[in-house]
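2 protein chains.
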Amino acid sequence: MSVPKIVILGAGYGGLMTAKGLQKELNHNEAEVTLVNQHSYHYITTKLHEPAAGTSHHDHARLSIASVINTNKINFIQDRVTAIKLNEKEVHLENREPLKYDYLVIGLGSAPETFGIKGLLENAFFIRNIDSVRMIREHMEYMFARYQNEKKEELITIVVGGAGFTGIEYVGELVDRMPELCREYDIPLEKVRIINVEAAPTVLPGFDKELVDYAVKYLESKGVEFLISTPIEECTEKGVILKGGKEIKAATVVWTGGVRGNKLVEESGIETMRGRVKVDEYLRAPGYDHVFVVGDSSLVFNEEERPYPPTAQMATQQGQHLGKNLAALIRGGEMKPFKYMPKGTVASLGRKEAIGVVGDKKYVGGMAAFLKKVIDLRWLFLLGGVSLVLRKGKL
Amino acid sequence: MSVPKIVILGAGYGGLMTAKGLQKELNHNEAEVTLVNQHSYHYITTKLHEPAAGTSHHDHARLSIASVINTNKINFIQDRVTAIKLNEKEVHLENREPLKYDYLVIGLGSAPETFGIKGLLENAFFIRNIDSVRMIREHMEYMFARYQNEKKEELITIVVGGAGFTGIEYVGELVDRMPELCREYDIPLEKVRIINVEAAPTVLPGFDKELVDYAVKYLESKGVEFLISTPIEECTEKGVILKGGKEIKAATVVWTGGVRGNKLVEESGIETMRGRVKVDEYLRAPGYDHVFVVGDSSLVFNEEERPYPPTAQMATQQGQHLGKNLAALIRGGEMKPFKYMPKGTVASLGRKEAIGVVGDKKYVGGMAAFLKKVIDLRWLFLLGGVSLVLRKGKL
Numbered sequence: 001m002s003v004p005k006i007v008i009l010g011a012g013y014g015g016l017m018t019a020k021g022l023q024k025e026l027n028h029n030e031a032e033v034t035l036v037n038q039h040s041y042h043y044i045t046t047k048l049h050e051p052a053a054g055t056s057h058h059d060h061a062r063l064s065i066a067s068v069i070n071t072n073k074i075n076f077i078q079d080r081v082t083a084i085k086l087n088e089k090e091v092h093l094e095n096r097e098p099l100k101y102d103y104l105v106i107g108l109g110s111a112p113e114t115f116g117i118k119g120l121l122e123n124a125f126f127i128r129n130i131d132s133v134r135m136i137r138e139h140m141e142y143m144f145a146r147y148q149n150e151k152k153e154e155l156i157t158i159v160v161g162g163a164g165f166t167g168i169e170y171v172g173e174l175v176d177r178m179p180e181l182c183r184e185y186d187i188p189l190e191k192v193r194i195i196n197v198e199a200a201p202t203v204l205p206g207f208d209k210e211l212v213d214y215a216v217k218y219l220e221s222k223g224v225e226f227l228i229s230t231p232i233e234e235c236t237e238k239g240v241i242l243k244g245g246k247e248i249k250a251a252t253v254v255w256t257g258g259v260r261g262n263k264l265v266e267e268s269g270i271e272t273m274r275g276r277v278k279v280d281e282y283l284r285a286p287g288y289d290h291v292f293v294v295g296d297s298s299l300v301f302n303e304e305e306r307p308y309p310p311t312a313q314m315a316t317q318q319g320q321h322l323g324k325n326l327a328a329l330i331r332g333g334e335m336k337p338f339k340y341m342p343k344g345t346v347a348s349l350g351r352k353e354a355i356g357v358v359g360d361k362k363y364v365g366g367m368a369a370f371l372k373k374v375i376d377l378r379w380l381f382l383l384g385g386v387s388l389v390l391r392k393g394k395l
Numbered sequence: 001m002s003v004p005k006i007v008i009l010g011a012g013y014g015g016l017m018t019a020k021g022l023q024k025e026l027n028h029n030e031a032e033v034t035l036v037n038q039h040s041y042h043y044i045t046t047k048l049h050e051p052a053a054g055t056s057h058h059d060h061a062r063l064s065i066a067s068v069i070n071t072n073k074i075n076f077i078q079d080r081v082t083a084i085k086l087n088e089k090e091v092h093l094e095n096r097e098p099l100k101y102d103y104l105v106i107g108l109g110s111a112p113e114t115f116g117i118k119g120l121l122e123n124a125f126f127i128r129n130i131d132s133v134r135m136i137r138e139h140m141e142y143m144f145a146r147y148q149n150e151k152k153e154e155l156i157t158i159v160v161g162g163a164g165f166t167g168i169e170y171v172g173e174l175v176d177r178m179p180e181l182c183r184e185y186d187i188p189l190e191k192v193r194i195i196n197v198e199a200a201p202t203v204l205p206g207f208d209k210e211l212v213d214y215a216v217k218y219l220e221s222k223g224v225e226f227l228i229s230t231p232i233e234e235c236t237e238k239g240v241i242l243k244g245g246k247e248i249k250a251a252t253v254v255w256t257g258g259v260r261g262n263k264l265v266e267e268s269g270i271e272t273m274r275g276r277v278k279v280d281e282y283l284r285a286p287g288y289d290h291v292f293v294v295g296d297s298s299l300v301f302n303e304e305e306r307p308y309p310p311t312a313q314m315a316t317q318q319g320q321h322l323g324k325n326l327a328a329l330i331r332g333g334e335m336k337p338f339k340y341m342p343k344g345t346v347a348s349l350g351r352k353e354a355i356g357v358v359g360d361k362k363y364v365g366g367m368a369a370f371l372k373k374v375i376d377l378r379w380l381f382l383l384g385g386v387s388l389v390l391r392k393g394k395l
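So the protein sequences, as listed, match chains A and B.
For the first sequence, UniProt numbering gives the first residue as 1, with consecutive numbering after it.
For the second sequence, UniProt numbering gives the first residue as 1, with consecutive numbering after it.
Hints were generated in silico from the structure; no laboratory data involved.
Identical chains share a label here; the pair holds if one copy fits it or two copies do between them.
Think about it this way: if two alpha-carbon atoms lie no more than 27 Å apart in a straight line, the pair counts; the simulated DSSO-like pairs of lysine-lysine are:
{"#": "1", "residue 1": "K249", "residue 2": "K238"}
{"#": "2", "residue 1": "K336", "residue 2": "K73"}
{"#": "3", "residue 1": "K151", "residue 2": "K263"}
{"#": "4", "residue 1": "K263", "residue 2": "K152"}
{"#": "5", "residue 1": "K238", "residue 2": "K152"}
{"#": "6", "residue 1": "K238", "residue 2": "K151"}
{"#": "7", "residue 1": "K152", "residue 2": "K118"}
{"#": "8", "residue 1": "K246", "residue 2": "K118"}
{"#": "9", "residue 1": "K324", "residue 2": "K343"}
{"#": "10", "residue 1": "K278", "residue 2": "K85"}
{"#": "11", "residue 1": "K392", "residue 2": "K373"}
{"#": "12", "residue 1": "K209", "residue 2": "K222"}
Looking at chain A on its own, in the form it has when it is part of the complex:
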């Protein structure tokens, strides 16, 4: 007798939590679960701003997948998905025969949203994954190393496009990194420029104003320049051109201004908005009862019909929920509707500073920074229990 085939695409927060859930819920031979991921590791997206600035090593932001799932229960395939064929119920891979599925979970993450800004994809860097952040770090260091040879100010000018969550957290890490970086390359600290450019009229749109002010004041005290209500019109090899024509020469431009869904999802024929799928209450793609979408590829709306921002917290809850629902489904049971329960948000500003809201309480400074670390530890705990927390966690 053949068992249902569940294929999970992507080992991000959503996919990994779904796999972990199925691993726990299902008995031997109830289903054949396959997890496909491009890399042999899961990367902790909420920490990528640290290795991107070089304040921590990228190995602290990744975990071997084999170390967090039971490969006796879950087939793990390291390969790149090239196409999703919904009618044939199969997934095409770069180096293998297509995979057949009965149930498909799409957790393929996001891609940068450029909002049509010219030259951005070609000339800017993106905080996306291990490969991209280690490249940012090395690029920046190379530019700093060139400075004493060429003495051009743009080599030590960094433009961060976007003052949302990732942008602000990255700027916070850069501030922490600069003293060491300047010592390494014999550069006076005051010569370095970090410029955060944001099109919206505020830093961290949607965040509590008092906390935003705290963050801006702190970062400005460390020399960060904010250009708010300032759209970037073009990104060139030399820097950025702002709306109105003013140019900022910068050898390093990092774009954090937004994400869209993975192109593969759009190409599959599923209806998307900016590449993201507006899922139903069971996290299903519209029109495809056997296809579920989690994480940044999905779009969940709140009661006022506004979309929740794509976060690790959302993806984690989706994955946890979907694991249980899928187990129920293959046993002929009922699925339960998904409801997102926001637990709070903390944005780090380097190692020792942060701002956050948990419940209806606001936190700043050391207390918020501590909360942020607790949240990181919680993810490790969900993935690998106490032993993983002890092995990889830092307070």
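Since the structure of chain A is provided, determine the placement of chain B on it from the hints.
Chain B alone, transformed into the frame defined by chain A:
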């Protein structure tokens, strides 16, 4: 009564030893000695291949000048020499009034000799000083970091032009560095190419054949490719073009194929050969009795009228000799002719391998590597005695 002014240009091996000698020989107010150097530190040229590969930090290859000379006895000026005016007996500096001298010591080091190879100065890197080697290291790391993003083989291909001393020592360090570098950037070690290109018919021309064979065999066993009797015709943004037209694509090209004298010496009007001054037996420039030249700017011939290669050993002996001669001179005494006493040569091949000749004995492997370290320690001892050896030395 005014005392004679001695101005020393450059705090390399030659200039620094001259300054140290004068500091020791002269009594208070016998002369006014000024040492001019572009950086606040002396760099240990014989070690630069290590930070260039990233096997050791560049701080291990430099010493603060203030820590090795007595600035109560020697005036130290950190500035860049822009011109030597022999008729006016003055030296022009970038940020200060010209310096008057009665005796001038030129130890301004070397510049890359390109032998007219097109594009070399623009596109290759050079193992010259702290600024240049830290840039090589960061460039290489950035190229390796890009590899997982772009998957182009040339990003992890390194061409070293020249298989002389520096070239071979650098290749030896690269071999040592690669395992760590590949781990850092998730690159399979066997994919990296290190290609050493040499126009002459042998590696390490002039060196003992048996030792050369040992070095080549060792480096080849570590995957290094040698292209001997192969002149480089052009260096481009993409790599090198060999004589005959064959192209090697390489993101990192490091040229170690030779040096010439500093341009400032040529521009001063002193007669030079490839920018180097054929000094007389008192290390004087031809036609200028008060101008002495030491180190890579000078050219000393052996008894068969062949020039000695420019080495740290030569510069050190010149500086030691000149310090004594200058002290004698200002006291109205006789100068003694300089005679170079070669003490042997050791070329490192990474941390644990080397080849060398000391006296009439040949050394390979661990013993030679140990000798190399002893030579490094000797330089620290000459500069700063036992305390400096203990502070900065490594065995």
